[in-house]
Structures are given as C-alpha cells and as structure tokens.
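Visitor: For the record, the sequence lines run as chains A and B.
If you're matching positions, the first sequence starts at 1 in the numbering used here and goes up one per residue.
If you're matching positions, the second sequence starts at 1 in the numbering used here and goes up one per residue.
Pairs involving identical chains hold if they fit within one copy or between any two copies, as the list cannot separate such chains.
Distance condition first, Cα-Cα at most 25 Å in a straight line; then the derived PhoX-like pairs of lysine-lysine:
hint, residue 1, residue 2
1, K257, K274
2, K255, K67
3, K71, K257
4, K274, K71
5, K67, K101
6, K234, K346
7, K145, K135
8, K274, K240
9, K40, K274
10, K67, K257
11, K274, K67
12, K81, K101
If you're looking for bench data, these hints aren't it; they were derived computationally from the structure.
2 protein chains.
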Amino acid sequence: MNRISRDGFTTAVMFRPENIFYSTAFWGEAVAICTKDGTKLFVPELEVSRAEAESHECEVIPSQRGKGLIKSLFPSLYNTKACSDCNDFLLANAIHSKVDKGNFVCDCEPFLIVRSVKEQNEIDRIIEASHILDKLYQTCLEEIKVGVSERTLQAQLICEATRLGGSIPNYPYTLNPFIIAAGSNGSFPHAEISDRCFCDGDLIVVDLTIRYKGYISDATRTFGLGKVSDDKKKAYGIVKMSQSQGLDAIRPSIKCKDIDLVCRNYISKRGYEKNFIHSTGHGVGLEVHERPWIGPENDDLLQDNMVITIEPGIYIESKFGVRIEDTVVINGEKSHNSNAITAFTKDLIII
Amino acid sequence: MNRISRDGFTTAVMFRPENIFYSTAFWGEAVAICTKDGTKLFVPELEVSRAEAESHECEVIPSQRGKGLIKSLFPSLYNTKACSDCNDFLLANAIHSKVDKGNFVCDCEPFLIVRSVKEQNEIDRIIEASHILDKLYQTCLEEIKVGVSERTLQAQLICEATRLGGSIPNYPYTLNPFIIAAGSNGSFPHAEISDRCFCDGDLIVVDLTIRYKGYISDATRTFGLGKVSDDKKKAYGIVKMSQSQGLDAIRPSIKCKDIDLVCRNYISKRGYEKNFIHSTGHGVGLEVHERPWIGPENDDLLQDNMVITIEPGIYIESKFGVRIEDTVVINGEKSHNSNAITAFTKDLIII
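Let the sequences and hints guide you as you build the complete structure.
Guide: Here's what the structure looks like:
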C-alpha cells in the first residue's frame, strides 16, 4: 500500500489471486480493497470460511459472484482515488461507467513493481522451492534411462515434488506442467511432454518450476544419455559458459538488457546467434514470469532482493536443444555462486 | 468461423490459448486470425517450429512478442469486421486506438457459445479423461488409510494420472491441482491440500480434474473412513439423491436454472438449504469451468452434445463436507446412466 500511496492513490483494488495473496495471505476467488484503514476481502459464499481461516488482518465480506460482486464493491470505490490490477476489458468498462476513469486507474505495473523486490520471507520460500528442484534433478539421474519416456519421467518428478510440499504453478501456454524434451523435441523451447522414449545419444532438456507456499523457483538442466556427439557437447559448453557469464554480470543497478547482452554475445560470437531464440530470463515469485524482464530491450535496473532467472539456450531445428537455467537472488554482497539458489551441478552429466 | 460469420463478422481474432487450440490444434503463445480464406497463426520466434509441427491448416507467421506482436496484426485488422476474445484492457485500448470499436468487437461469448456444444472427437477425449478419473478413484480405495495425508494421496494420484496420459488443468484460484479435503477441511468447497492425515470417522472429499489431449473431465467422490457418524451418512445420502435427481432431470431444452433447482430443492427440503453454498454445475471442455453455467439464475437451455457437471454438496462449517460430481454429456437419446461418463460408484464407500 505504501508504494501505491506514493503515486497519489488512496486505495488499491486487487482482482488477481497473486496480488490478493501478496496482500492478505489468502489465495482464492476474491477481490481485495486496501486503504490506510485496512483491507476488505470480498469473497463468494463458497470461499467465506476458508478466507476467514487463511487470510491475515482482513475484514472478510461475503458477496455474490459475477455482477453481484461488482455491485458490492461500488460503495468502497466512491470518493477514492484507486489503482487497480483490473485488466479485464468488460469489468473495467463496467466500473468506469460508474466511477471516473481518473479515480479508478487500471494499471498492473505498480503491483508488479512492488512484488519484484522480495522480502526475506518470500526469498526463504523461493529457496525452499529451489531445494525441491535440486532433489528432482537428483531423481533425474536415477530415472533417465534408454527406453524411459518423457511422460514417465514427468510422472515420477511430479509425484516427488508433490510429496515434498511443492505444487505446480499455472502456466497458460503449455498443457503440461514440466518441460522434458529429449532429442529433437529439445529444439522446441516450450516443448510439450510426449511419449517419446529416451535414446542413446540424446540431450534431454528438463525445465522444472515448483511452487512452495505460494512462491516459485524455476530451473533447467540438460542431461546427456550414452554416446553424446561432439556437436551437442560443444553447444552445451557454450550455453554453460554463457549462463555463467550472465550470472557473473549480475549486480545491483545493472540494466536488464546488459545482462541479456552478456549471455547473447557469448553465444553469438561462437556462431549460434540464430539459435538462441528467446530472452535471457525473467523475474520469478508468485508468478513463473513476472518483472523484471531480462531481455534485449529492457532498460530497467536490477535491485537487491529481486529474484530472476538466467537461462540462455541453443536450439538446432529437428536435432536437439540445450538450456541451462538458475533462479538467482540479487544480493550485492555475495558472489554469484551463492546467489544461484539451485545448487545442482551445471557440468554436463552423461548418464 | 461459421457461427462468428452468422453474426456479421468477417474475421475472428483469438488470443486465448483454448480458442486457438480449438481452431488450430496448437496450444501455445500465439494469436490466431481466422477468415473464410484461412487462418493465420502469429507466434513468437521461440514457438515457430513447434507451431509448424503441431498446428493444422494454418499459415504460421513468425512475429515478435508484446508490442511488436500487436503491430504485426494490424495489416490483417484493417477493412475487416472482427470479433475477438481479447478481454485485455490495455490491449483492447491499443487496438481501438487504430481500429474502430465497431470493427473490432471484444466479446468472448461467441467463442464460448461455439465451444459449449461439442463435436464427437471432443466428447471422445472427455470420455478418455473420465476413464482416467475412474482409475484414480479406484486408487483412492487402495491408498486411503488412517495416517496417510491429503498431500501424500495427491502425490500418488497425480503420478498415476500423468502416467496414464493425463495432465493437470490450470485453475487460477487454488494453489493445488486437486481438492482432497478430509474431516473439517471438507467444509471448504475449494479447500487447499494440507498435511492433515486421514482419521477414523472422516469423510474425505476427492475432487479431481484431468485433461486428456486438451479436454477436461471433472468429478468428485466423497469417501468414508472407519466409524462414520450417522449425521455424515445422512448428509451423504441427501447429496447422493440430489445429484441423482439432477442427472434424471437433464434433457435437451431444459433451462440450466431448472436443473439447479431440482438439486437445490431436494437439499433445501431436508433442512440443508444454507449448507449448499455454490451452484450445481458448469460446462466443461477446454476449460474446467465454461459455458453453460448450471446456476439458479441462468435461463440458457441445455442442448445435445453440451458437456456439464452436476455437483451438489453439503458443507457443515468446522465439521465436514460432502460433494458428488459427474461430468455428463447431454444426449437426448440416452438415459442419464449412460450420460454420466464417470462410472465409479456413487454409493458411500466406507474404507
């Protein structure tokens, strides 16, 4: 609320579950209205008792769903200057038909900016999620064998992650929660899980995201199986060094695009410019992808206690892919080795 | 496209992955523009080769992400009358700054209406997802024991579902993919998974959604463990009969609200009116919750080949919950017993 009020707003109105959780510790179907006098949490009847049990320092207000819910918000929206994460076209128009646009500003960015710099208790949970990831990569060493399918490995990893207290974040653009992409499937950065079995000579990209008590860690390792060819080993070595140089470059006040440039230049100079087909990384926290964006056009500056990924890759169409990714806490006092909170080795392991 | 053009539009512009998948068989980060001359699929560079491999009858057009993507759409939006599922406030405003509002209408409903009546190949996949659910409930019989936790059971079920080719749908308002709610947790319809262990005397609500080749089935069973008290058995019997009467009432051309009323009346007349705190069901398909809505205020008519859930429940605060849910294909020719495509028994099983 402090950050929002610095921008001259008296009220924050939140519709997105991530922002509501950030403000109230309740993750569910709700709307939160926050002023200096406290937070009101409007929830449909089916969520009232859970919201009362799980939310912190809120007044829980039972309300209807849909149009009825919006009606119940209006009394709290008159005579305020509100900033809202509402990015729903119809909903925003409905509210703007009753409340002046200048007094109900739809802008997600202030919320994302606040969330981009983490508190210690948030970092602690991201570290816990990273520990789960480290265990899952250890499991990969045991489970990856010739003849085992991508789908079977995914099942094993999800089972273990869930047992360890992790859950699977929502990512709307894939049907499967993990990316496990063997051989030519690895050339798709966002490959879907298939029934393809691991073969001798494969590189296998394993990109895992795990949520722990709300907070996400994101990492990728690429494993080799059997007789891995020299061109694959060469690409692996380049990605590994690119990622390492990206980590080394991280410090408070560096521009995001300069981190991207470090990773990209290393790959480009070795002839793979056209094979690194995505940005270098992204912030991570309550969402898999959030501020700051570590891409070639972003002038934003890194700050202490931001949490980002560094994940360069090389993708050779119809042949293979390599990606190596860590989740990193920006902390001016530490070297990158302690910042990268996924500890599992980045040496090429050939199983 | 036929339905959209009946409303006088020449072009459909799709941003939501469900609608893009429906039109192109590609699930990913993309924008689809569909006219009578064919479909253009605009995808960021990292998704191009996957889109080319997975999409059907599309021209795949490599484009940038974010603002660059929007720019590349404009040439296809001039001199058309487009209907779009765009419900993003900033994006809609950006497009409306260049294209007349009347020629770029933001309205998700036509897309949801088309998707609400399923083709046979969609129904077949929902039936496959239901078969997976039946196997998971069989697993529950083996795994539910005193001392096993909700979290452990979830891990086991996710593992099995994933092995069987299922994946976990995104539902934004819970952190866990399944609802497994034992004892007093069962009184929260959208309970989160916890480390609570099953105890003698518990009712255990197990609400599972599984996606198979894109399409979702949704079901709930409530199990008893050990010495289940008479008040729990009584509530179970009422929910079971309410659900059965709801299924019996299903036929083409009945109003959605009349189905809701059948289930609700049965429960209300037995004194539990205040304990059935959600609507009776919802459509299911590419999303867990989609048209039609089986709630008390919906005058929409059921039609053949719609797929819906029927899921009445009774929730006793701080004590227990009961919910029984099937996914059902509306088919005028069949009795409800063959329409309810989850086959697992709805008798109270006491483990």
